[in-house]
Amino acid sequence: MTPQPLTVQPEEFRKTFDALSEELHRVIVGQDEVIERLLIAFFAGGHALLEGVPGLGKTLLAKSVAHALGLSFKRIQCTPDLMPADILGTQLVVEREGRKQFEFAKGPVFTQVLLADEINRATPKTQSALLEAMEERQVTVSGTTFRLEEPFFVMATQNPIEMEGTFPLPEAQLDRFFFKILVDYPSAEELSQILRQTTVVDTASVRAVVPTERAHAWILNARRLVREVLVASAVEEYVVRLVTSTRPDDNGADNAAKRFLRYGASPRGAQAILMGAKAHALIKGRVHVSFEDIDRVLLPALNHRVVLSFEAEADRRTTTEILAELTEPLRAAATRT
Amino acid sequence: MSELETFLNQVAARYRRALLMRAGLLAGLSLGALGVLAWRLRTMGVSAVWSVGVPVVVGLGGIAGLGWWARARWVSRQGAAAHLDRTLDLQQRLITAAEYSRMASPPALYAALAQEVAQHCSSRHPRFPKPFDHAMGMLLAALLLFLFWPHQQLVRQAAVQPPGEQPTAPTPLKTPPESQPDAAAQPQQRRADSQPSSASQQSSGSQQAAPSSGQNSASQESSAQASSPQGPSSTEHAQAAADRQSSKSHHAKGSRKDQRSGASPGSTQGTGSERNASTAASQQIAAQAQSSNQGTSGTSAGNQEAMKGEIQRLLKEVSGELQELQTQLASAQRQPDPKAGTSTDPELYESPMPDDLNAGAQSLPITLPTDTATTKTPRPSAGVGRPAAEASSATPQMTAEQAALTDRPADESPSARQPIPPEYRGVFDRLQHDSPPSEQTP
Numbered sequence: 000m001t002p003q004p005l006t007v008q009p010e011e012f013r014k015t016f017d018a019l020s021e022e023l024h025r026v027i028v029g030q031d032e033v034i035e036r037l038l039i040a041f042f043a044g045g046h047a048l049l050e051g052v053p054g055l056g057k058t059l060l061a062k063s064v065a066h067a068l069g070l071s072f073k074r075i076q077c078t079p080d081l082m083p084a085d086i087l088g089t090q091l092v093v094e095r096e097g098r099k100q101f102e103f104a105k106g107p108v109f110t111q112v113l114l115a116d117e118i119n120r121a122t123p124k125t126q127s128a129l130l131e132a133m134e135e136r137q138v139t140v141s142g143t144t145f146r147l148e149e150p151f152f153v154m155a156t157q158n159p160i161e162m163e164g165t166f167p168l169p170e171a172q173l174d175r176f177f178f179k180i181l182v183d184y185p186s187a188e189e190l191s192q193i194l195r196q197t198t199v200v201d202t203a204s205v206r207a208v209v210p211t212e213r214a215h216a217w218i219l220n221a222r223r224l225v226r227e228v229l230v231a232s233a234v235e236e237y238v239v240r241l242v243t244s245t246r247p248d249d250n251g252a253d254n255a256a257k258r259f260l261r262y263g264a265s266p267r268g269a270q271a272i273l274m275g276a277k278a279h280a281l282i283k284g285r286v287h288v289s290f291e292d293i294d295r296v297l298l299p300a301l302n303h304r305v306v307l308s309f310e311a312e313a314d315r316r317t318t319t320e321i322l323a324e325l326t327e328p329l330r331a332a333a334t335r336t
Numbered sequence: 000m001s002e003l004e005t006f007l008n009q010v011a012a013r014y015r016r017a018l019l020m021r022a023g024l025l026a027g028l029s030l031g032a033l034g035v036l037a038w039r040l041r042t043m044g045v046s047a048v049w050s051v052g053v054p055v056v057v058g059l060g061g062i063a064g065l066g067w068w069a070r071a072r073w074v075s076r077q078g079a080a081a082h083l084d085r086t087l088d089l090q091q092r093l094i095t096a097a098e099y100s101r102m103a104s105p106p107a108l109y110a111a112l113a114q115e116v117a118q119h120c121s122s123r124h125p126r127f128p129k130p131f132d133h134a135m136g137m138l139l140a141a142l143l144l145f146l147f148w149p150h151q152q153l154v155r156q157a158a159v160q161p162p163g164e165q166p167t168a169p170t171p172l173k174t175p176p177e178s179q180p181d182a183a184a185q186p187q188q189r190r191a192d193s194q195p196s197s198a199s200q201q202s203s204g205s206q207q208a209a210p211s212s213g214q215n216s217a218s219q220e221s222s223a224q225a226s227s228p229q230g231p232s233s234t235e236h237a238q239a240a241a242d243r244q245s246s247k248s249h250h251a252k253g254s255r256k257d258q259r260s261g262a263s264p265g266s267t268q269g270t271g272s273e274r275n276a277s278t279a280a281s282q283q284i285a286a287q288a289q290s291s292n293q294g295t296s297g298t299s300a301g302n303q304e305a306m307k308g309e310i311q312r313l314l315k316e317v318s319g320e321l322q323e324l325q326t327q328l329a330s331a332q333r334q335p336d337p338k339a340g341t342s343t344d345p346e347l348y349e350s351p352m353p354d355d356l357n358a359g360a361q362s363l364p365i366t367l368p369t370d371t372a373t374t375k376t377p378r379p380s381a382g383v384g385r386p387a388a389e390a391s392s393a394t395p396q397m398t399a400e401q402a403a404l405t406d407r408p409a410d411e412s413p414s415a416r417q418p419i420p421p422e423y424r425g426v427f428d429r430l431q432h433d434s435p436p437s438e439q440t441p
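These protein sequence lines map, in sequence, to chains D and E.
Take 0 as the starting number for the first sequence in numbering that gives the first Met the number 0 and just add one per residue.
Take 0 as the starting number for the second sequence in numbering that gives the first Met the number 0 and just add one per residue.
Just chain E, same shape as in the assembly:
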């Protein structure tokens, strides 16, 4: 093996080593990033299928892509020569020398070429690709970002959450809960701000009630803040339900068209009394829940029992009303149904015609003169057969014309048959009898 071949083999090996190092680094960083992603998803409470399966699939795809990438960039000895030619501006000296070096009897000028190559390579030093580049830096940054992103809050929520329960909405990663409180928590905070003296007791009461309800938060303040983005408390749930019900009842008072296009079609099915009853019941529940919340905020566990009893009583009332509504509904269903597609079908026509129009079976209030006029000339044959004498005499009479063949030639122009005015008759006769003038050549 010649010196040139040895040199090219060394260069190719260095390129391959650099490529393999780079591929390994890329693979390691990518797998690390995917592992961290899987761990973060798991701590956020995402199911195992998604938190593990997706990173595994992405990782396998990435490894396959990396293999293809490394194979496409695999450097042969000739490839190393071409790369050196390009980077060292050797003007294809190395690839030429590499080709001729393998020949058993190289041509006469090969020695000169090998000498040239040795001179150029000794004066210039090739640069090899670095395994760590921008792509690596980006991947490393992504990995570090995943690792050190503030996520204690998520871990705490996952620990607080019961094992079978899924979070209603994941907390956004970019905004910590202190900076952007949830919209549902804002009214509570506003209430606390507007009642600095009396509400302080309430807030302290609610803060004391939180640990008693079983939540293992570290501090009371943080527990209140942590629960707000996770979802409203039972009081807030009731308040929100009451708000929704009040909005529904407000919509129910609107027109029928508005009710059809409303967001709650079920509420529009019932009658007005049913709606009023259900609305009143829900409002009562909301009010009771609010009052019970306020009541429990300053009381102990004994009060909770009283509150439970009150809630049960309200539930009974609501169930009674529901039974009443069901009976009303059943009686309404016993009435004969309108036939579909007929005028009794209320769904067929938008609004029925007023009854007074059809009541008297009266025709349109317009009377034409022809409706009452008497006929003076009755048709004798009622329009069938021969016409009346008056009518037949009034029609234009046509006499049959006898057709006869003319003795004139067919190609005679129609103008010739026009009558000749008498003042020109003589001229025409003369022209007809006289011979045509002959042309005389000079």
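The following block holds chain D by itself, in its conformation from the complex:
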């Protein structure tokens, strides 16, 4: 079996990624890591959950990504009275040729880039309406299944401080997000630059890096290239050890895992780590995955896939701290061998 030729070469991918990142930085000041992780999640074929306090530019970032990639974009502002039909679409009675018939009116989910703003304000019923769309890339309404257009990328945002009147996402839905990206406050210098850029008449806007007419094909080829990245078995074993180290009920579980974790990461977490590492290797100009790539994507891939124990919450331990504590000895052992 001869390998199929690649339409998008690694060098072209790296250059396009850099151009996308540069274009996004025209409107988003700082947040390099957030932008990099968001693009990694996109090219790896996953969905991203952005978490941060209001006013950090999460919605602007989502819109800018869609525009830079030349993809269609729709936004849902989630509220408690939002119904699943408001997202998926509904059957309407229309009169055509003198006859009344049902016709499906597509909801906002039928797009390429979907922003679900403040997703934790929607009811669990509405949140679960996104499940099938996110995982299967299809929507079933009244027994009829509709395929979603590829590439389909969901960006959801949530506010961690206003918990009143919210519905925290269930574990099943959290697991469907490829990365959970924490958006932090900008530094003082970045804040000054934000003020200079956004309080003048001519504000910057994002241009499409990938032309719209060939965006669809290019992005799909780029996603295939990411899957082609080479991985050594030692690196795969490292990923497996990392994921299994988060399981508190495992035989060789670490003390920290037993104390602070109630549930460990799922196999989907391991897939996310490896796919994210592949994309990261490509943007670093390599065609193989190294331990460094794994470490780079470990936290965003796992920090929403582990459930903290009561003891961890009582001790005010964060998921990031516990994961760092668990993976540190594994990282040291992997670099030694």
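In case anyone wonders, no lab produced these hints; they're calculated from the structure.
Check the hints yourself; a few may be wrong.
[Stated by the list, open to error] Covered stretches of chain D, going by a simulated chain E footprint (3 or more residues, C-beta under 8 Å):
| # | stretch |
| --- | --- |
| 1 | 4-13 |
| 2 | 229-235 |
| 3 | 282-292 |
Note that the structure is a prediction, hence the values are computed from the model and not measured.
Idealized CB from N, CA, C, for every residue including glycine.
Put chain E on the given structure of chain D with help from the hints.
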């Protein structure tokens, strides 16, 4: 086989060669060190079991450990790739390429990876482990130390020593005998220092006597120094024996308790006369030996015969005294032995009671008034049966009480049965006859 595989095979072979060289060097040095150790132990006069057996066992264990060590560090092709990745900072390029190079149809990106690997490996040169490192240096130093440690003295002693005789105490390796003379040799040296004029003749005499006694030392001075750490000469033996005997006799004059806890229990078993006799005999032997030593120091072999005769005479005297002591001991053993566990057993009690206490069979010198007082009121029935009339009339009398059931309810509180004071009688009667006040709601 691809270029990458060839390169990795070469690297792995170099690692293995270096590992084998290192293991061989380690084994050679270890075996050499053990061989030298065995030879040194043999020259020190240690028996063959220890001087050969122990190094052989240690050597076999070392070889087994070395085999395990080399096996644990054996480098495969993948191991060589991982090592190069680590040392050349290739970020797992080589292990990835090595894995995909074996595939029949490598993926599309393998060519790019192989090109990257070739670029990186051409610009950086791998470093291979050196077979000679700190461990080797330490082993070599140990081997040289064993080889060149000053040991002529030990060899000479081993040559001088009769084949069947074992050395009493091995000479310490670190201190040469010139710097730290033995404690037994010090008095002799002090004597030589304190008598510079007359003792020079004695010392020369003793030095002349040494070769005549059969010792094949190279020089007289060295023979005297060599014999001092090995053990005292016959004169010094006698002097030391005399010192020990005098110390024993000194201890024998002490208390009985001290004798029990002394270092020579045998000397405490005998009587005082026996001890004195044996002490005197030993002192006499020591004095004779010393005097004979001084006498022989300036005389020839003829004097030695006289000295032998004198020693024999003294031995006879000692044997006669010993026979006398044995007869005394036998007579003492004929006496009846004390019964064990009784008051006649001297071992049972520390010190016997004085005899005067038991002599008069007298009771304690205390007399109580009750011992002599007469009883005025004898008990009529000697304490059995009914008491006397006086005693029975003095006891408190109890009349039988007739029990009867009360008609009052059982749950009545005890306070109700208390007598009501007369001033409150009217109040209680009124309360009992009047009806209780009813509550009226407004």
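Report task. Against the structure, test the hints numbered earlier, and report the numbers of the ones violated in rising order. Result -> Every hint satisfied by this model.
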